[in-house]
Structures are given as C-alpha cells and as structure tokens.
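Undergrad: The sequence shown begins at 1 in UniProt numbering and counts up by one.
Hints may contain errors.
[Unchecked claim] Derived SDA-like pairs: lysine to any residue, alpha-carbon spacing no greater than 20 Å straight-line:
1. Lys317 with Met452
2. Lys515 with Lys537
3. Lys537 with Leu512
4. Lys242 with Phe231
5. Lys597 with Tyr584
6. Lys620 with Ile575
7. Lys278 with Glu288
8. Lys436 with Pro559
9. Lys508 with Asp497
10. Lys635 with Asn606
11. Lys578 with Phe386
12. Lys612 with Val637
13. Lys75 with Thr153
14. Lys537 with Asp526
15. Lys61 with Lys116
16. Lys116 with Glu60
17. Lys508 with Ile383
18. Lys508 with Lys537
19. Lys636 with Leu609
20. Lys354 with Val427
21. Lys593 with Met621
22. Lys620 with Leu609
23. Lys597 with Asp528
24. Lys436 with Ile365
25. Lys562 with Gln494
26. Lys655 with Asn37
27. Lys356 with Tyr118
28. Lys462 with Asp497
29. Lys508 with Ser433
30. Lys116 with Ile365
31. Lys636 with Ile646
32. Lys443 with Lys537
33. Lys509 with Ser541
34. Lys540 with Ile594
35. Lys537 with Gly385
36. Lys356 with Val522
37. Lys612 with Lys555
Hints are computed from structural coordinates only; laboratory data are not their basis.
Note that the structure is a prediction, hence the values are computed from the model and not measured.
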Amino acid sequence: MLANEHEIDFQVVDVDYYMDNQDDVVIRLFGVTAGQNSVCVQVHGFVSYFYVLLESAFEEKHIEYAKKYLDNLIKSQLPTNIGISKHVEKLVVDLEIVQGANIYGYKENLNQNFLKVYCSIRNDDLVVHAPDSSPKWSSIAPLRILSFDIECTNRKGIFPEAHTDAVIQIANMVKVEGDNEPFIRNCFVIGETAPVIGSEIIVSKSEEEMLEVISFDPDLFTGYNIQNFDFPYIIERARTLKIENRATMLGRIVVQRDYKLRSYSLNSVSYHFLCEQKEDVDYSMIAELQNGNALSRRRLAVYCMKDAYLPLRLLQKLMSVINYIEMARVTGVPLDYLLSRGQQVKVLSQILRKAKSLNFFLPVIDAVQAEETYEGATVIEPIRGFYNVPIATLDFASLLAESDFEVTPSNNRFVKAHLRRGLLPQVLEDLLSARKRAKNELKNEQDPFRCMVLNGRQLALKISANSVYGFTGASVGKLPCLEISQSVTAFGRQMIDFTKNTVEEIYKKGYLDGKCPCDAQVIYGDTDSVMVKFGVKDIKSAMELGLHAATEVSKKFTPPIKLEFEKVYSPFLLITKKRYAGLYFTRPEKHDKIDCKGLETVRRDNCPLVSKVLSTCLEKMLLEGDATGALEHAKKVISDLLCNRIDISELIITKELTRSSNVSV
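Taking the hints into account, I'd like the entire structure generated from these sequences.
TA: Laid out in structure tokens, this is it:
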C-alpha cells in the first residue's frame, strides 16, 4: 500500500530482510509493475515467533513470569561473542496461548494449548500465500532481462586473472519478457571501434571509465557462467583499479539453467537447442584483435555481443523465466530459492502454507543421519529380447487412495479419511486439481504467450507433486517420515504385481471373441508402469487391447487409483532393467519417435562415437528391420577404429572439473 488511498500491484521478483537501527526486522519485497516500474516495498512490524506445547496447568496468569524467565534464559545462553543491541530491551517480545496441533501423527484433540513466543531475532522464513488463479494475477510482469558478456586481455596460455588482465569489452542485450528481440543492443569498448549495424558502440578512453558506466536498471540478469566468472571478475577488477562500488544486486536475480548435455560450452548448448553457434573467434586471438585497428575491434565486439545474445535466445527457447516464475508461484518461495536451494524448501513451503491455514504447527527436527532404510519400488524382471510384435504400456496415472488401506507394510496404521483428512493428501490434491485446471485452460487458450505460461504452470505443479514422496523419504530432511515413503513403495510394489497377475489371468488365448491370439505376457514392469505383449501383429489391435486392459484393471482398484493406456512400442528392444528402445506410437498411423531409455544414445558418460554408432544401429533395427545391417555397421566402425580411421574428436569423453578455493591446478 502507498499512503492510505493508493494501491500498487506488482509481481514479486525477490524477497529479503535486514535489521534496522532498532534491531527490528524489516522485510523487503522487490518487484515490477505492469508499467515496467521497479518496486521495493519495506514491511515493518514483523516479529519472529515459535510454538511450545503447554502442560495443562499453564494459564494466562503465568504469562508475565514466563516471559521474564524465557528472556533471561535466552540472554544467559547466548555465546559471549554475540552482543545484544542497546535498542533491544527484551528478546522475548510477547507470549500468547494459542490452540492447534503438531503436524506429526494422529491426535484426537486438535485444540491443544501451545505457547506462541514472539522474539526479537533475525528471521528468514517467509510464507507466500497461494496466488489467485484469475487471468489478472496469473499474468507475468514485463520483466527487464539483461544478458551480458565480458572480454578480457589474456597472456599466452594463461587463463585471465582479474588482478592482472584488463576487461576490454562488455556487451549488453536487454529484452522484456514476452518480447522476441532485445530493445537495447550495445557494447562498451576501449579504443575506437567501427560501427556495428543495429547496435550501439559505446567507446571509453580507459578501463576505469568503462567499468564506471551505469546505463540500465534490470530486474533479471542472465549470461553464460556470469555467476562464476563475469560478475566476480568485474567486481575483483574494480577493486584492483580502486573503483568505488556504487552498483547493487538487491532485488535482482541471476537466471541460469542447467540441462543434462554432453558439453556445457555456450557453443555446444546453443547448437543443441538453437542450431546456432558463436562467432568464429578463438580466445587466443582476443588480445591481437583488441590491439589491432577499429575493424579488428569491431570483429571482437560482434563476437562479444553474440555471446550476450545467445543466452537470451536460450531463455526464450527453453521458457526458463516463465517456468521459474510459475514454479515460484506454485511452491510459494522466492525465485532465488529455485536457483540456489534444493527440492526440500519448495515442498516445505507448500506444507507450511497448508498447515498454517489448518492450524497445524511444524516441529523442529534435529538433522541426524538415520540408519533406517526401506525397500525401493518394484522392477519386474525383464524378459529380454527383440520383439517384432507391438508392446502395449500401461501407466499408473494417480496416487494411492486415502481410504484403501488400514495398516502399512511396516505395521503403521492409517486414519480413515472420514475421521480426518491428512494434510499431505490435501496438499497433493490441491496440486493435482490445479494442474488439471491448467491443462484444461491450456486446451482452450489461443494466446501463444499465455499458452506458455499455462504449460509452465502445469509442469511446475507436476514436479511439485512428484517431489513430496522424496521429501518424506529424506531421513536427514526437514520433516522426514519414512513410514510414508515405506508405504508408497510397498503398496506400489503390490499394485505392480497385482496388475501383472490380473492382466495375465484375464487376457488368455481366445478372450474378447478371439481378439487375443495367445496368452498375454507382462515382459517388464518399472516403478509405475507395465509392458504387455498381447501377441497381436498390428498397432491398432494392441492399442485397443491396451485401452481395454487399462479400463478393466482400473475397476479392481479403489479410486483415484487408475491405470491409463498411453503408448505402444513396435518393434521393441529390451536389453536389461531400465535400458530399452523402440518406436513410440500414440496413434496407429505413424510412430512419434524412437524412444530410448538408459542407452548410450541418451547417456553422456561416453564419447560421441558410441552414441552415433548405437543410434545408427537402432535406426537400422527399428526403422528398417535390418538386424544384420546393424551388426555389419558396428563391425565396420570397430574395424575403422582399430585401423585409426576415426577422427579423434569422436573419441573425446567430456567430464566436469571443478576447482575449490584451496586447490591449485
């Protein structure tokens, strides 16, 4: 709110806090309005608190004594090197008796007395409430994204070092999220540089002058490896040159995203996703181009600007900003948490949001390495081989029913849903129903940008729902509950085995008026799906039987457990557990793709030659039906390798090498 009569609507980009002169917590909300104005809202009056379960004898008349006792106790327990500001008269600000229940386990009485203790301490736990799903609040603010790249002088054979090697060019590209092209394209250079069409060349007389330029106020930063190189290098270079630091990163997010690729160089990633590559300038040429003339420095500027432009194109292609924002909305955490923290904080935020609305309190669990483990999901032993007949795949499409089980395999008991709904099932149902709404809206949406937003949201909701199981199984996590993880995997194993037995019992030779030419056989099952050979020769018949089987088996489960038929593989190569390939059909007319799981065509821990050879062999076997041709091709490549006829670039295995601050290389 601004004053009393003005309201301001903005999208939150980042959240942090600081302590003011009175040692009070002030929360800052950074964001952007629909008119591209930057906003920083300071929230005063927030007081940290925690809960303590009370004994029945504690009453209101005991509050004042308890307040003084706790205050003195906390002060006496503080380490001697932690001073208390003179402005803080009391660490314990207030006490209040409230009613609620611990989130763990079943308790008949949900109105237990807790003491809510308000403290004057530093705090970084914030609850972001669920967003309104209306179009107004599901839109994305016009965030200004700055992508930049720096070029440095370098000594022959030595990687640039900030205390020695100067920054000679800084390229900048700025676009508004939702736009296709940057509206600012410039390059800061040292020395006279020939113009670049469509871009602005800003000439500085010295490095100091260039580094002091302040030209724009972005909301998000991006670039290639800027967090580990460009930002630290500029900051260290400014210190070396004794340049006063007037820039600030408050409220600005550095956006980067990792994908599982063979190589993570900008050139490789850009080619993989965009079919574009960097300008053809080797790093060894940079000093020579800078020391040349205006035209050579122009070539270097074009190279530098392309390196700043490609990350913007990658963000747009991969919809990274949209997906990040939708994940932040779904989970209720700041964008920065998604980049710097793991999965647990996202699940914990959703649980905290739901628990707060239901008057549940979360306990503090000591992070102790647990020795207890549990058996994982079932993998039905594969019947290995090459299948020339269609293989139908049945997938479990939903979670376990709340009311289907009374006792877990580990001998824990469920509370019936009609007595009390569990908190986690409510969180999951909210996520799944929200995903269903997003997918339905996506089907009817015509606006391309809003389609991307809705798709990002439904993916975020799916990932969030899938993360809950892992959250409960993390024994050193924030709220571990192995009983839940044990139950999920144990009942999952039962359901997979039940599905296998049911399909093989029902679909005998001659079933459905002769539509089954032989007894059905489950050749493989993995976690949440089974693969069935019905023995039919054509794709259409396999799809009809797969759909029929999914419907019939689903009838034997309690809703919302449901089997779905999605795809047929034909032909299908089953090598071992979690390693197979086949032509993937979702409609009988034409295959969608060659689908590979766990094979060297999709793995990145081998050289390119292995991937290419296996891809060619699979194409010959699956597309051409030529197993002999595949074998001959493999023999030829092996012969070429032994005779040194393979280019050395095909034999490179790429690994990541990291260097910590206390290690020299």
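Undergrad: Within a Cα-Cα threshold of 20 Å, do Lys116 and Ile365 meet the stated pairing?
TA: holds, 18 Å
Undergrad: Need the status of pair Lys508, Asp497: alpha-carbon distance at most 20 Å?
TA: holds, 18 Å
Undergrad: Is Lys436 within 20 Å of Ile365, Cα to Cα?
TA: Between Lys436 and Ile365 the Cα gap is close to 34 Å, so the pair fails against 20 Å, i.e. violated.
Undergrad: Need the status of pair Lys356, Tyr118: alpha-carbon distance at most 20 Å?
TA: holds, 16 Å
Undergrad: Are the Cα positions of Lys612 and Val637 separated by 20 Å at most?
TA: holds, 10 Å
Undergrad: Under the criterion that the straight-line Cα-Cα distance not exceed 20 Å, is the pair Lys508, Ser433 satisfied?
TA: violated, 38 Å
Undergrad: Take the C-alpha atoms of Lys317 and Met452, compute the straight-line distance between them, and say whether it is at most 20 Å.
TA: holds, 11 Å
Undergrad: So if I understand the rule, the pair passes when the alpha-carbon distance is 20 Å or less; does Lys436 with Pro559 pass?
TA: OK: Lys436 and Pro559 at ~17 Å, within 20 Å.
Undergrad: Is it true that the CA of Lys61 sits at most 20 Å from the CA of Lys116?
TA: The given pair, whose Cα atoms are some 15 Å apart, holds under the 20 Å limit.
Undergrad: Can you confirm whether the C-alpha distance between Lys462 and Asp497 stays at or below 20 Å?
TA: Not satisfied, since the Cα-Cα distance of roughly 25 Å exceeds 20 Å.
Undergrad: Does Lys75 pair with Thr153 here, judged by a C-alpha cut-off of 20 Å?
TA: Distance of about 55 Å is beyond 20 Å: violated.
Undergrad: With a cut-off of 20 Å on the C-alpha distance, tell me whether Lys562 and Gln494 pass.
TA: Roughly 14 Å separates the two Cα atoms, so the pair holds.
Of the numbered hints listed earlier, those contradicted by the structure are 13, 14, 24, 26, 28, 29, 32, 36, 37.
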